[in-house]
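Taking this note's numbering, the leading residue of the sequence shown gets 1, the next gets one more, and so forth.
Hints were generated in silico from the structure; no laboratory data involved.
You may find that some hints are simply not true.
What the hints assert, rightly or not - Simulated crosslink set (SDA-like; lysine to any residue; CA at most 25 angstroms straight-line):
#1 Lys-9 - Trp-185
#2 Lys-46 - Ile-23
#3 Lys-9 - Gly-100
#4 Lys-183 - Gly-100
#5 Lys-9 - Gly-116
#6 Lys-183 - Gly-120
#7 Lys-9 - Met-62
#8 Lys-46 - Gly-100
#9 Lys-189 - Ile-23
#10 Lys-189 - Gly-100
#11 Lys-183 - Gln-161
#12 Lys-183 - Val-168
#13 Lys-189 - Thr-77
#14 Lys-71 - Val-123
#15 Lys-183 - Thr-77
#16 Lys-9 - Glu-48
#17 Lys-9 - Gly-127
#18 Lys-71 - Leu-82
#19 Lys-71 - Val-168
#20 Lys-71 - Leu-130
#21 Lys-183 - Ile-132
#22 Lys-46 - Val-106
#23 Lys-46 - Gln-161
Said to hold, decoys possible - Quick list of the computed label-pair ranges, beta carbon to beta carbon:
#24 Leu-37 - Phe-67: 17 to 23 angstroms
#25 Thr-134 - Thr-84: 34 to 40 angstroms
#26 Ile-86 - Asp-5: 29 to 35 angstroms
#27 Ile-8 - Gly-74: 24 to 30 angstroms
#28 Ser-186 - Glu-2: 45 to 51 angstroms
#29 Trp-142 - Met-54: 29 to 35 angstroms
#30 Gln-3 - Ile-165: 33 to 39 angstroms
#31 Ala-154 - Asn-52: 21 to 27 angstroms
#32 Asn-52 - Trp-179: 26 to 32 angstroms
#33 Arg-193 - Pro-44: 46 to 52 angstroms
#34 Pro-73 - Ile-49: 46 to 52 angstroms
#35 Lys-189 - Ile-86: 22 to 28 angstroms
#36 Asn-52 - Arg-193: 43 to 49 angstroms
Positions of the beta carbon are idealized from the N, C-alpha and C atoms, including for glycine.
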Amino acid sequence: MEQLDQIIKTLSLTMGAAWASGINLYATILVLGFLGLTDNIVLPQKLEILMNPMVMSAAGLMYCVEFFADKVPGVDTGWDTLHTFIRIPAGVLLAAGAVGDVNPAVAMAAAIMGGGLAAGSHVTKSGTRLLINTSPEPFSNWTASIVEDVAVIAGVWAALQHPVIFLVLLAVFICLALWLLPKIWSGIKKIFRFLGSIFKKKTTLGTISSDDRTAKKSGQV
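Whenever a hint applies, use it, and build me the whole structure from the sequences.
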């Protein structure tokens with residue numbers, strides 16, 4: 001029974017760190033590092049580096065930058081796009097490090113699952129935020145950002161303190177994301193079609209105007 005509990009705790013930490021990093025990597029590092037530094041949890045050896053003051057300071061600085069960038073419409077989308085190349089690899093590393101010293105095959109499996117989960121939470125977040133940016137509600141961006149920050153902190157805490165509950169909620173999130181992602185993609189395609197139609201209309205009007213000027217010049221000659 002004790003071995004089963006340890007497996008559940010390890011799985012919860014592995015998946016929790018990967019999931020949270022896909023939403024807000026810097027908050028994830030700060031929470032894990034702070035809890036480890038204050039002896040609230042015992043981090044696996046490969047994640048002990050998160051308690052290093054330099055790592056925590058860098059994560060804290062970047063969290064402050066993200067805190068404001070994530071709340072400005074348009075800027076948040078650019079930030080999320082850039083972090084596609086940061087959050088997902090970080091999710092892989094955190095998941096692989098969370099399983100500790102195990103068989104390389106187990107570590108590789110954890111890395112694959114962690115990368116997939118980080119990608120899923122990142123795409124769900126960034127896609128949802130892109131749709132929110134088209135909403136007329138001015139405070140929805142701030143609300144979404146704060147909810148995400150709270151979810152990351154609460155999620156990491158739950159993964160460490162209540163692993164079974166977290167894993168159940170994670171399963172619900174995965175099901176919800178699988179249902180939501182096609183709808184998000186459909187909404188994004190509509191946005192690009194709308195923008196494309198506006199650009200095409202402006203191009204057409206510009207061509208007509210140019211033709212009219214040419215015709216007038218020809219008539220004057």
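Honestly, do Gln-3 and Ile-165 meet the 33 to 39 angstroms range at C-beta? violated, 20 angstroms
Is the Cα-Cα distance between Lys-9 and Gly-127 25 angstroms or less? Measuring from Cα to Cα gives roughly 30 angstroms; hence the hint is violated.
Hint check: Lys-9 vs Glu-48, CA-CA at most 25 angstroms. Holds or violated? It holds: about 17 angstroms lies between the C-alpha atoms, which stays within 25 angstroms.
Mind checking the alpha carbons of Lys-183 and Ile-132 for me, to see if they're no more than 25 angstroms apart? holds, 13 angstroms
Is it true that the CA of Lys-189 sits at most 25 angstroms from the CA of Thr-77? Status holds; Cα separation ~15 angstroms.
If you draw a straight line from the CA of Lys-9 to the CA of Gly-100, is it 25 angstroms or shorter? holds, 12 angstroms
Proposed proximity, Gly-116 with Lys-9 (alpha carbon, max 25 angstroms): holds, 20 angstroms
Hey, Lys-71 versus Leu-130, does the alpha-carbon distance stay inside 25 angstroms? holds, 12 angstroms
Lys-189 and Ile-86, beta-carbon distance inside 22 to 28 angstroms? holds, 26 angstroms
For Lys-9 and Met-62, compute the direct alpha-carbon distance and say whether it is at most 25 angstroms. Distance of about 29 angstroms is beyond 25 angstroms: violated.
With respect to the beta-carbon atoms only, verify the hint that Thr-134 and Thr-84 lie 34 to 40 angstroms apart. violated, 20 angstroms
Verdict for Ala-154, Asn-52 (Cβ pair) under range 21 to 27 angstroms: About 25 angstroms separates the Cβ atoms of Ala-154 and Asn-52, which means 21 to 27 angstroms holds.
Against the hints set out earlier in the document, violations occur for numbers 1, 4, 7, 10, 11, 17, 19, 25, 27, 30, 32, 34.
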